[in-house]
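Chains A and B are the protein sequences, given in the same order. At position 76 of the first sequence (counting the first as 1) the number is 76 in the numbering used here, and the numbers step up by one without a gap. At position 28 of the second sequence (counting the first as 1) the number is 28 in the numbering used here, and the numbers step up by one without a gap.
A couple of the hints might just be wrong.
[To be verified] Far from chain B, some chain A residues (derived; all Cβ distances over 10 Å):
| no. | residue |
| --- | --- |
| 1 | E26 |
| 2 | P79 |
| 3 | G137 |
| 4 | A142 |
| 5 | E166 |
[Stated by the list, open to error] Some, not all, of what chain A presents toward chain B, calculated at C-beta under 10 Å:
| no. | residue |
| --- | --- |
| 6 | V30 |
| 7 | A31 |
| 8 | V57 |
| 9 | V149 |
| 10 | E180 |
Hints listed in this document are in silico derivations from the structure and should not be mistaken for laboratory results. Beta carbons are placed, not taken as given, at the ideal position from N, Cα and C, and that holds for glycine.
There are 2 protein chains.
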Amino acid sequence: MGRWEPDARGRLTKAALELYSERGYEQTTVAEIARRAGLTERTFFRHYADKREVLFVGASSMEELFVQAVAGAPESAAPIDAIAAGLEAVSKVFAGRHEHSRQRQAVIAANAELQERELIKLASISAALADTLRRRGVAEPAASLTAEVGVAVFKVGFERWITASEERELSQLMRESLDELKAVTASS
Amino acid sequence: MGRWEPDARGRLTKAALELYSERGYEQTTVAEIARRAGLTERTFFRHYADKREVLFVGASSMEELFVQAVAGAPESAAPIDAIAAGLEAVSKVFAGRHEHSRQRQAVIAANAELQERELIKLASISAALADTLRRRGVAEPAASLTAEVGVAVFKVGFERWITASEERELSQLMRESLDELKAVTASS
């Protein structure tokens, strides 16, 4: 793996986000990211396949964490409560990452290709959650609908966390968003 | 607009879907679509900008119809009931289009680029619905969450309609899916 660079990955991630924010994602090259991080391009490619991966490297592990928490919820838990457990587990990953997440979101919002990639990420999470709920014995269409609700709450709760004027607990915002969703869908 | 071809658009649409189904979307050319329809490429381009547009030409009018029905719901209607009115209005567009919709869905499911486009279409509808609800005086995050619920019900209801062994009323499936979503999110 070449010589050891102290926290090379963290430095590359930070440099990439800074440059994407300053110049735009399109305009930034891997060479510039490496230079800003005080590392070589070769080191960059030991950590990331390309400049887009810097922004999406956590997607598959986040999906896995979400799915595992839903799968691991007590057998007696209602589907929506299993989803709530998943949201709780996923929220923990973002502890201490508010500024990083805020920057990342702004970069994505400014680029159509990245927005598409983000939509694909969320659709993949939804499909994985529906599959997990079916394995828990939840029938269709309840499984797909509950999974979609989970992703909707994740999206909206995350957006609120990012844009909140002062930092709040992500897990708290997820719970509030789920409660709000329950309130808006409550039959009158 | 050149000489009049009886139902040129309908013939082109049908020919395109047939070819996408038989050979795959990637492998089909505009020349082949025109030939199958008994028309010229020039006529194709009078109706569609490219071969992808055949599959997405209805997207913006569908979004508009959805939005207008939500905007036009009685002032006293709860946000979720305004969304239900939107689902009802959109369902009507698909009357007599079951086979077309089934074919279209299969073509999209087989192609990653088309799936992305479909996700963008749904995200655009969600954003437009949230905007419409905010104009109706619905606060955030309720507006975004209700809009996401609307799109989730649309997706799942539509999927059920497409895959149902016998043809059922789309509006009925939308209502059932919304009721099911209300049931899964009902607090225990």
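Hint check:
no., hint, verdict
1, E26, "18 Å, holds"
2, P79, "6 Å, violated"
3, G137, "14 Å, holds"
4, A142, "5 Å, violated"
5, E166, "17 Å, holds"
6, V30, "24 Å, violated"
7, A31, "29 Å, violated"
8, V57, "20 Å, violated"
9, V149, "6 Å, holds"
10, E180, "6 Å, holds"
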